[in-house]
Every structure is written in C-alpha cells, then in structure tokens.
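Going by my numbering, the sequence shown opens with residue 781, and the numbers climb by one from there.
Calculated directly from the structure, the hints in this document are not laboratory data.
Watch out, some of these pointers could steer you wrong.
[Unchecked claim] Cross-link-like lysine-lysine pairs, in silico, DSSO-like; alpha carbons within 27 Å at most: (1) Lys1061 to Lys1147; (2) Lys1147 to Lys1034; (3) Lys1061 to Lys1040; (4) Lys1061 to Lys1034; (5) Lys1147 to Lys1114; (6) Lys1147 to Lys1062; (7) Lys1062 to Lys1034.
[Stated by the list, open to error] Distance windows between CB atoms, simulated: (8) Asp1143 to Ala1077: 31 to 41 Å; (9) Trp1078 to Ala1030: 45 to 55 Å; (10) Asp1044 to Gln861: 18 to 28 Å; (11) Cys974 to Lys1034: 21 to 31 Å; (12) Pro975 to Asp1092: 42 to 52 Å; (13) Asp1092 to Arg1173: 53 to 63 Å.
C-beta: ideal position from N, C-alpha, C; glycine also.
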Amino acid sequence: MATDRLKNRYAKMHTNPYRYLKKNLMLQRKGIIALLFLCLLIYWATSQSPLQTRENVSEQRISPSELEVIHGAIDEELAIQLPLNNTSVNSAWLDNLMSSEPTHAFSQQSDFDLECYLEERAWNHSRIQSTFGRRHRPSRCTQRLQLQPVDTASHICSLIAGRRILLVGPESSFHLHMDWLHALEIHENRSHICPGAEFCNSHQICLPPADEPEDFFEKGGFKKLPSSRELASTASASLRYALSTTLYAASNSKDPMYTKPQIDASTGVRMRNSYWLGQAKKSDLIIMNRGPIPAPAWTYDRTAEGNWSFLDALPRFKNSNGVEVLWEGEIERKIIAAALYTTLFTFLPSVSQTFQTLRNQRDLRGKLLLWHGSWFIQPKCLNPQGRTITDPRSAFSTGPGTNHWVLYYNAQVYMQNYLLQSLLPRFDIPFIPQNVPMYTTNVTFVLQRSTQPRECLRYAFGSPVEEIMRSTLLSGVWKALEGLE
C-alpha cells in the first residue's frame, strides 16, 4: 500500500511537476506560518503571564496593621531616644527651632512644597504616612506649586555663586554629585573628572562656558583650589564630595576611624570614613546622607537565600494588643523586622549623634545643613523577571524570587525616610526626598543590569529617573539658599 502511494505521487510529479511543486510549497508555507504563530503564542504566554502572576497574584504585600506597627515603633523609639525636653540638645538653635519663627526661611512648609513637587513628577513618602501612620500629616499640596523646579544645573549657578558646597555620605551621594557635575560639563564645556569616591577633589563650578573644551587636569597635576575671593570675583562656586558611610564626625583628623581600616562588629563589613568635618567648617552648604546599614557579611554564604540565622536572636515587635508581628511566618517577615531593629538601634543613634556634634561645633553654627534621602534598589535591575517598585509599600513586598538583601535594604530606606521626616526638623535640617516612581517596568532606566545590588543605585545620566532626582536635589538646594538671601 505504501509502495503504491509512492508510485502515484511519483507519477503525478512527472505528469505535472509545476502543479505538484506549487501545491507542496503552499503546504510548506502554511506550515511555517502556523509554526511562527505557535512560537509567538508560546513567547507571549511565557513572557507576559508569569510576570503578571508574580506581580499581581503571587506578590505578598505588607498589611496596613503591620505598617502601623512599624510607624508606631519608630515614633515611640524616637520619643525615647530624643525627647523634645532633652537638655543635651536644648541649645539656642533648638530654642529658635521650637519658636514660632524658624531659623531660616526653608521651614517645614518648604518641605511640603518639595514633596508636592514630587507628587507632580513622582510620589512622596508622606502620602503613605497620612494613610497608615499613627501621626496623620495633612496634605498641603495645591494645584499651583510655590516651588519652581530647577531643571538645569546652570539655573542654580546665580544663587550658589561664591559659595562652597560639600556632599558627604556613601556612594549614593557620590552618584548625585557626579550627575550634578556631568550636567555642568555640558553647560560649561569643561571637564569635571572624579577619580573615584575616595579620591575626589574640589571642583570649581559655574564658570562661564569655555570657547574650547577644557581638561580637568593641568600640566603638572590638579588645578589649584580656588580661594573665596576668586569664587566671588568669578561668580563661581566650589563643589566637593567626601566619602563617609556612617557620617562619623570626629574633630581630630588622626582619629583611628579615619586612619585605620575599621570593621563594623555587628555586620563584619568595613566602614569607610574620610575626615570631612574640616571640609564642612570651610563650606557654606553641607548636604548629608547615611544610607541603609548593609546586611551582615555572614549572610553571604554562596546560596541564593543566604544565611539569615542571626535573625533568631533579635527581639520581637508587638502591636498595640501585645501580639507579635513581623516575625512569625516566612523569612521575609523576619528580614523586615531586622531592618526595623537596625533602623531604631543603629541608624537613629548614629545620625542623632552626628547632628548633635555638628550643632555643637562653633564653626558650623552658621552653616546650612541639608539631608538628601535614600532611594530604593529596583529588584528588576537584578532580575529581568523581578518586580518594579511603583509604590512605597512595595518595598516590603515579597514573592517568588525575592532577593533578601534587596528587601533588607529597601525596607530600611522606607523606615529611614519615615523617621527622618520627624527627626530632621528637631535639628533644623531640611529633608530633600529622592525616591521617584517607576511608571514602567522598562529596565533601560537602570545604567546596566547587574548582579550587585549597590550598582543598581545609579541611573543612566539623562534618563527620566535621573533627571527627576537631579532636578529635585537642585530644587531643594535652591529653596534652602533662597531662604538665606
């Protein structure tokens, strides 16, 4: 039978070969089209459905009651560690702060203006506070904003002319400093090179644009640092960055924390601190930040989950009914509890001590201090199928493929931003938020996909997220300096 079919097919092919080939080609074409359609269907199913399931169904979000426990614990610990009647901080500047008129025009209302500006182009943290926090913060945002956004680095030059500006903090502060310099390079037609976070020198900025491109290095070495008289005569300014992961502020430049490698006993991670207090005394404006405390070194055990056994030794947190929360269940809940513990008993005492040290320094009493907030690591930077944080509470979201180190970091960012909006006004330090939304899951916002979380903190210069962050920083600086005029 099979032999007969082959004979008939062979006979037809010889009788009318053109018709036979045409028919077979049509069949093959239909088969190819069907195969392509099937491949597209499989691709769509595998690339879209899992992401939607992961982000909308499998994702576990923190509940309002759990978020209230976090806010309540922060509020209570802040009242214990820094009560308003604490005589250790009850100085002249605090008396002025608690009076009806602020020490300078950048008051709490200005903070609201900046947050409203972020509401226009980004989300802000206080909106979540007012919904779930124990302290309800009224919204003062109006359709017409008082704050005029600073969209270009050159726009601010007229206000910072003759001034020295210092950014001090971890590598995230270094990224903001580099983006500021990069924007000025385009305007000035001259290079502002930084060899690295630990070797960055002072930059004379806001000079008139050069006719021809200028190098940062001169023959024989670096450019000589400009004097205050030169800054004033040229209507330029000085911008400098100092690396400090803990904001340790000792008066002695020979302090072992500066001169010898220091390992944090609680994490096993090296603390990198340069002597920056001397630079701060010579500066007119100091912009500070201390980022989240890194996870202990021993959590990195070459597994995807990590060794988080130290969590079992941490204290429990209870709600108003005395029920333990943020602890029972999966490891992610314990990591959030550990982030809260670290925020309350490492971050809060550390930055409070730094603020008191700065305010007790006679040479710093007339200086303007600002704080720029930290921002989230986007899980999508580490994993193409990861989540995108589009809402502050998403920092606590867990699900399949959750990176525990990113969760620990992002939970601290949220808690720090909540804490600082109550802590900073006590020291008369304006807060410049830096968290911005992700309106899309497009990974091109990130400079490059990485396997290292810390490399996901910098966005490509000129990308929408970077532009919003830079504009927000410069707008905060503008508002602060405008109040001194």
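Index of numbered hints that the structure contradicts, given in increasing order = Checked against the structure, the hints that fail are numbers 5, 9 and 13, while the rest are satisfied.
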